[in-house]
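Chains A and B, in that order, give the protein sequences. Quick note, our numbering runs 514 ahead of the 1-based positions in the first sequence. Quick note, our numbering runs 953 ahead of the 1-based positions in the second sequence.
It is possible that part of the hints are untrue.
As the list claims (entries may be wrong) - Derived list of chain A stretches under chain B, where covered just means 3 residues or more per stretch with a C-beta under 8 Å from a C-beta of chain B:
(1) 570-581
(2) 694-701
(3) 704-714
Claimed, not checked - With a straight-line cut-off of 30 Å between C-alpha atoms, the simulated DSBU-like cross-links for lysine-lysine are:
(4) B/Lys1087 with A/Lys707
(5) A/Lys707 with B/Lys1160
(6) B/Lys986 with B/Lys1087
(7) B/Lys1087 with B/Lys960
(8) B/Lys1110 with B/Lys1073
(9) A/Lys660 with B/Lys1160
(10) B/Lys960 with B/Lys986
(11) B/Lys1056 with B/Lys1110
(12) A/Lys517 with B/Lys1086
(13) A/Lys517 with B/Lys1160
(14) B/Lys1223 with A/Lys707
(15) B/Lys1223 with B/Lys1211
(16) B/Lys1110 with B/Lys1087
(17) B/Lys1211 with B/Lys960
(18) B/Lys1086 with B/Lys1160
(19) B/Lys1086 with B/Lys1073
(20) B/Lys1211 with A/Lys707
(21) B/Lys1056 with B/Lys1086
(22) B/Lys986 with B/Lys1110
(23) B/Lys1073 with B/Lys1087
Hints are computed from structural coordinates only; laboratory data are not their basis. Using N, Cα and C, we set each Cβ at its ideal position, and we do this for glycine too.
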Amino acid sequence: MTKKDFWGAAALSLLFFLILLASWHFSTLPTERISAANDEYARLMGQGAKKTEGLPTPAQIGETAWKHVTDPFYDHGSNDKGIGIQLAYSLARVGAGYLLAVLVAVPLGFVIGMSPLISRALNPFIQVLKPISPLAWMPIALYTIKDSSLSGVFVIFICSIWPMLINTAYGVASVRREWLDVARTLEVRPVRKALQIILPAAAPTILTGMRISMGIAWLVIVAAEMLVGGTGVGYFVWNEWNNLNLANVIFAILTIGLVGMILDFIIGRLQRLVTYVE
Amino acid sequence: MAFLEVKDLSKIYPGSDGRPAPVFEELTFSIEKGEFVCIIGHSGCGKTTILNIIAGLDTASAGAVIMDRLEVTGPSLERGVVFQGHALMPWLSVMSNIAFAVKSRWPEWDRVQVELHCQKVIDMVGLTGAEHKKPAELSGGMKQRVGIARAFAIEPKMLLLDEPFGALDALTRGVIQDELLRICAAAHQTVFMITHDVDEAILLSEKIFLMSNGPSAVIAEVVENTLPRERDRHTIHHDPQYYKIRNHVVDFLIHRSKLFQSEGTGERGKPPPLVRPGLAPERRYGYRRQGDAVAGATRAGQGQFEQEPQSAYSGRPSDLHSLTEEEP
């Protein structure tokens, strides 16, 4: 991509963004419709109640965002924590569940990829377990673990394990035969062969699995936290919905998107590090 | 006892109709220490299978390979293999690819020793300056040089090359052939090499094994290359022996390689006959071919040869350069 193309695309993106903002702005302008019920409601509530009429305008979102960004880590009790704290909770759960999944899926995927026998033996289990929605595990997790936060971690673990497991097994099983023949003629020991030939050869495929898993984990954490409540960005969204504060909800949605993008970017970078050209 | 003894080697696959389908049966031959042997034959005759069995990468259905008085039971650092598709690790640099082999051979060496040794072989194959390049940044010829350097670096007792120059252009091929010739001569390396290129075989080898077509292929003859050992790619074709040998090999590939199969493989279990077409009397070639073989293994294909216009073989080597490259 040339520099000119880059700036062209950037200008076009900006244009789309402005069109989006403008149409949002004009479609959410407050209407002059005066409702008797609302007036009465206002009188009853005194000055404090600021009505929310339809969706918030972009300006309101901007105002909300500014408030959150300037003070992300406040803590006013269990139902009122800053977005930074909530994100930290969510990221901690995703990190823990995801790391556990890596520790299980990569070695297990190695074994499956190396041994056609084990691959065939485990295949039915994987095929049955893979399509189960991770949230369906929640009751079992809550019952056995008896801790809502750890149950969230478990749900992340169970949803991120499958893409990594399957990709690792596939990557290991499809290592070029001639590289393995080279290892054989050089009398390379099994551990060295696994670490210095099979692992680097399969690394791009494994990282692809890890990238898919991370995407799924970040999708699932929001839903899981809505369900178990307490902390996290998913809980924040649900809590603000209960408060009918749609500006906060929209801000949280944008934040979730941004963080998801950053997570994907990081693993994408790792993937580029291990990718080789044949 | 020869350095490498192959005895009654068979490779038989179960056929689709349940009957055994032999690739080759009861092959017997030997290679002396320091000898450069090329094996030539049409695709599908089992050359690569023989090489893989000698390397220990494949197992024979019957028979044995004995190298240096020890039976080959699996792959070993004593036999270096140069693979057809170079088989370099694409994520490692040239130096690291070779270092991987060197560390396998001498695990007790420290980093400096490994690096010095790698540098030595890299310089030897003429890749100085490309040490830190990845295989993807190299041309086909350079990749194959790395493959040769890697096999050489472990100082094997025997070098096995599976059609190493098949994918290279003629110019690059010539340069690397010269290098291989020089390196192998300097190290008195025992080499077994598969090739499709008649000129290459004559330039490099001391003996050329002629293999008949499969299935049930046999090594029909061993052609002794009687050209003087000091060979030069640019002048070799002026030697009067050159075209005698060349015509003999090409003739085998065009006509006689087919006939061994149709008339059955009579020479099983015995070493193949040794012939010296380079020393055959002048003029005899191109007419009657009786007597040009020491052990008289040329009974097949005499009739056809007479009808073949002799001019088809004489002249430019490039005409018949790739006669056997009939890959599907």
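Outcome, coverage of the stretch 694-701 of chain A by chain B - at least 3 residues whose beta-carbon is closer than 8 Å to one in that chain: holds (count 6)
Taking a Cβ-to-Cβ distance below 8 Å as contact, does the stretch 704-714 of chain A have at least three residues touching chain B? Holds: 3 residues of the stretch 704-714 of chain A have a Cβ under 8 Å from chain B.
For lysine 1110 of chain B and lysine 1087 of chain B, compute the direct alpha-carbon distance and say whether it is at most 30 Å. holds (28 Å)
Does the alpha-carbon distance linking lysine 1211 of chain B and lysine 960 of chain B stay inside the 30 Å limit? The given pair, whose Cα atoms are some 24 Å apart, holds under the 30 Å limit.
Given the hinted pair lysine 517 of chain A and lysine 1160 of chain B, is their alpha-carbon gap at most 30 Å? Not OK: lysine 517 of chain A and lysine 1160 of chain B at ~61 Å, beyond 30 Å, violated.
Straight-line Cα separation of lysine 1056 of chain B and lysine 1086 of chain B no greater than 30 Å? holds (19 Å)
Compare the distance between the alpha carbons of lysine 986 of chain B and lysine 1110 of chain B with 30 Å, and conclude whether the hinted pair is satisfied. Judged against 30 Å, a Cα distance of about 9 Å means the pair holds.
Taking 30 Å as the top limit, are the C-alpha atoms of lysine 1056 of chain B and lysine 1110 of chain B close enough? It holds: about 17 Å lies between the C-alpha atoms, which stays within 30 Å.
Given the proposed pairing of lysine 960 of chain B with lysine 986 of chain B, does the C-alpha separation stay at or below 30 Å? Given that 30 Å is the threshold and the Cα spacing comes to 17 Å, the pair holds.
Restraint check for lysine 986 of chain B with lysine 1087 of chain B, where alpha carbons must lie at most 30 Å apart: Outside the cut-off at roughly 35 Å; violated.
Next pair to validate is lysine 1086 of chain B with lysine 1073 of chain B; report whether the Cα-Cα distance is within 30 Å. holds (17 Å)
Keeping to a limit of 30 Å between CA atoms, is the pair of lysine 517 of chain A and lysine 1086 of chain B held or broken? holds (28 Å)
Against the hints set out earlier in the document, violations occur for numbers 1, 5, 6, 7, 9, 13, 14, 18 and 20.
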